[in-house]
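2 protein chains.
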Amino acid sequence: MNQIKSLNGMVQHLLELGVNKKIAVAVAEDDNTIGAIIEAHLSGFATPILIGDKTRITQLLVGENTDPSSFQIIDIKDNQAAVAEAVRMVKEDEADVLMKGLVGTDKFLKAVLNKEKGLLPPKAVMSYVCALDLPKYDKLLFVSDTAVLPYPDINQKIAMINYSVAMAKRFGIDKPKVALIGATEKPNAAFPSTIDDATICKLADRGQIKDCIIDGPLDIFLACDKASVEIKGIPTPINGEADALIFPSLESANSFYKGQMLFGGGELAGLIQGTIKPVVVMSRSESKKSKFYCIALSCLMA
Amino acid sequence: MNQIKSLNGMVQHLLELGVNKKIAVAVAEDDNTIGAIIEAHLSGFATPILIGDKTRITQLLVGENTDPSSFQIIDIKDNQAAVAEAVRMVKEDEADVLMKGLVGTDKFLKAVLNKEKGLLPPKAVMSYVCALDLPKYDKLLFVSDTAVLPYPDINQKIAMINYSVAMAKRFGIDKPKVALIGATEKPNAAFPSTIDDATICKLADRGQIKDCIIDGPLDIFLACDKASVEIKGIPTPINGEADALIFPSLESANSFYKGQMLFGGGELAGLIQGTIKPVVVMSRSESKKSKFYCIALSCLMA
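In order, the protein sequences belong to chains C and P. According to the numbering used here, the first sequence is numbered sequentially starting from 1. According to the numbering used here, the second sequence is numbered sequentially starting from 1.
Keep in mind the hints are simulated off the structure, nothing from the lab. Check the hints yourself; a few may be wrong.
Any copy will do: because identical chains look the same in the list, a pair fits if it lies in one copy or spans two.
[Claimed, not checked] Keeping only pairs whose Cα atoms sit at most 27 Å apart, straight-line, the calculated DSS-like set for lysine-lysine is:
no.: 1; residue 1: K136; residue 2: K5
no.: 2; residue 1: K186; residue 2: K77
no.: 3; residue 1: K288; residue 2: K232
no.: 4; residue 1: K226; residue 2: K136
no.: 5; residue 1: K54; residue 2: K232
no.: 6; residue 1: K289; residue 2: K136
no.: 7; residue 1: K288; residue 2: K136
no.: 8; residue 1: K288; residue 2: K226
no.: 9; residue 1: K289; residue 2: K232
no.: 10; residue 1: K232; residue 2: K110
no.: 11; residue 1: K110; residue 2: K54
Please work from the sequences and hints to get the whole structure.
In structure tokens form, the structure reads like this:
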């Protein structure tokens with residue numbers, strides 16, 4: 001397949017393939033996400049199953065000038081029960097994707113993480129990867145961890161790498177370039193994460209991490225800007241053309257992507273990783289467009 | 001004075017005031033910075049004193065179509081001796097600003113940090129503050145620490161706040177809004193920096209940190225975007241209008257500003273803080289314009 005280089009391109013790809021995935025929305029009476037859900041439904045790549053308070057869900061759909069009869073709605077007024085049913089449907093293959101509606105993230109994730117009934121396999125690392133679409137970069141940037149792991153240790157970082165690589169492959173990138181981000185390119189004990197990075201590079205050299213080209217620590221310039229690589233004269237196989245950025249902390253990944261959304265004209269699609277099926281958890285402050293892209297990404301990954 | 005809202009505005013301000021500061025450049029035979037030095041000289045706000053290998057400095061100036069006789073050049077071929085002389089001139093008020101040329105940052109800072117002959121008072125915290133000029137933000141953003149302190153503790157953070165406030169005041173901001181940056185707005189033991197932030201807010205409430213409005217932890221959206229503050233309904237005196245961002249780690253500040261330089265059309269001016277006189281240390285990978293702005297900022301602060 002051709003490499004998908006934008007989030008719009010991702011949507012086009014879904015439409016061309018005729019993808020249509022079932023999305024179980026837990027506590028769907030959520031005016032923050034209903035617009036994006038309707039848009040995904042109308043686009044044709046998603047069939048939402050709206051689980052929650054049917055009266056309020058119907059009101060919201062009517063308020064958005066949409067015909068409620070074109071949606072499957074499961075009437076469960078208790079939030080916890082609605083989440084449990086949505087998780088069950090995904091686990092038992094009645095739906096392809098789980099999505100959070102008007103329920104606290106903690107309560108929602110508790111059901112996802114439930115050992116017996118949840119969606120995370122034992123010992124799997126849960127993480128969050130964003131596909132960032134930046135007007136000034138000529139392809140997508142897969143960025144993690146923007147939401148789950150505060151200070152990823154080396155094993156969590158390796159999981160993040162594998163998730164980013166798996167995602168990049170769905171976008172048609174056979175051997176993604178993965179940059180391990182630090183403040184400088186010098187591994188340095190003052191930044192423990194950079195020592196992990198050096199170890200990860202060695203694992204990659206020995207083929208113990210596969211299907212990608214890894215280097216780090218690298219700063220944002222060396223990871224994403226060829227001119228900086230030339231000026232600094234640092235030999236790196238990433239060569240300013242990173243597909244994925246693995247950040248040393250949630251704070252750094254989070255500040256980077258939020259800065260790009262505000263000041264760089266960025267759009268994003270993000271997804272929880274590590275679960276047996278895609279799980280969509282969106283922040284209220286994401287744009288409507290980014291919410292739509294999150295749903296599209298979940299359908300691509302399902 | 002009127003608030004200066006851009007780096008160009010800063011240069012205009014220097015010219016209107018007729019500022020002219022002496023800049024001692026250590027090991028000045030540096031083709032990475034000579035262009036910016038010449039530009040600052042021609043602009044009129046800086047008088048460079050070029051210390052280093054006179055033959056090579058002269059060649060560089062001629063190569064840039066500049067008349068070497070219009071510059072004061074002090075011929076010292078040994079790098080360490082050139083740095084020592086530049087530091088001495090600044091310490092003894094023969095120059096207003098110290099600037100690094102073609103010499104390693106470690107060697108240069110060793111002279112700056114020398115207990116007897118250096119420029120850092122005992123117990124002072126050395127930090128680095130950048131003034132970021134972003135096309136999509138309607139004023140400057142003072143960002144720290146982008147270069148010196150890996151994981152600032154609470155005392156280092158308070159020093160960073162005071163430096164940012166002092167810098168903002170030179171730009172005509174009487175009571176700058178200082179946002180302590182985290183991944184979310186919830187103080188949380190999983191992110192130790194956010195606990196420091198809560199303590200810092202309490203110190204500020206009690207008037208133990210002065211001349212600014214402080215809040216945190218806040219994410220980039222709540223710090224810099226009014227719309228996000230309204231959507232999230234978080235009451236904060238920063239209100240999406242931060243003047244200064246205090247980051248929890250060098251990695252996060254560094255990734256944020258480098259991302260903005262690459263993808264947000266940003267320009268910056270940065271300066272070491274804590275020394276008795278301004279110290280300019282520039283990265284090779286900064287743009288020529290940013291190098292010029294660094295020199296201008298040092299003249300504003302001198």
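Consistency of the hints with the structure:
Taking the shortest alpha-carbon separations for K136 and K5, both the intra-copy value of 12 Å and the inter-copy value of 24 Å come in at or below 27 Å. Taking the closest pair of Cα atoms, K186 and K77 never come within 27 Å of each other, the shortest separation being 55 Å inside a single copy and 29 Å across copies. In the homo-oligomer, the alpha carbons of K288 and K232 lie at most 27 Å apart only across protomers (15 Å), although the nearest pairing inside one protomer, at 40 Å, exceeds that limit. For the identical chains of this complex, K226 and K136 are neighbours both inside a copy (13 Å) and across copies (25 Å), given an alpha-carbon limit of 27 Å.
In the homo-oligomer, the alpha carbons of K54 and K232 lie at most 27 Å apart only across protomers (26 Å), although the nearest pairing inside one protomer, at 60 Å, exceeds that limit. Proximity of K289 to K136 under the C-alpha cut-off of 27 Å is found in both arrangements, the shortest distances being 18 Å within a copy and 19 Å between copies. When the C-alpha separation of K288 and K136 is checked against a cutoff of 27 Å, the pair qualifies both within a copy, at 21 Å, and between copies, at 20 Å. In the homo-oligomer, the alpha carbons of K288 and K226 lie at most 27 Å apart only across protomers (17 Å), although the nearest pairing inside one protomer, at 33 Å, exceeds that limit.
Within a single copy, K289 and K232 get their C-alpha atoms only as close as 37 Å, which misses the 27 Å cut-off; across copies the closest is 18 Å, which meets it. Taking the shortest Cα distances, K232 and K110 sit within 27 Å of each other only across copies (23 Å), while inside one copy they are farther apart (47 Å). Proximity of K110 to K54 under the C-alpha cut-off of 27 Å is restricted to the intra-copy arrangement: shortest distance 24 Å within a copy versus 69 Å between copies.
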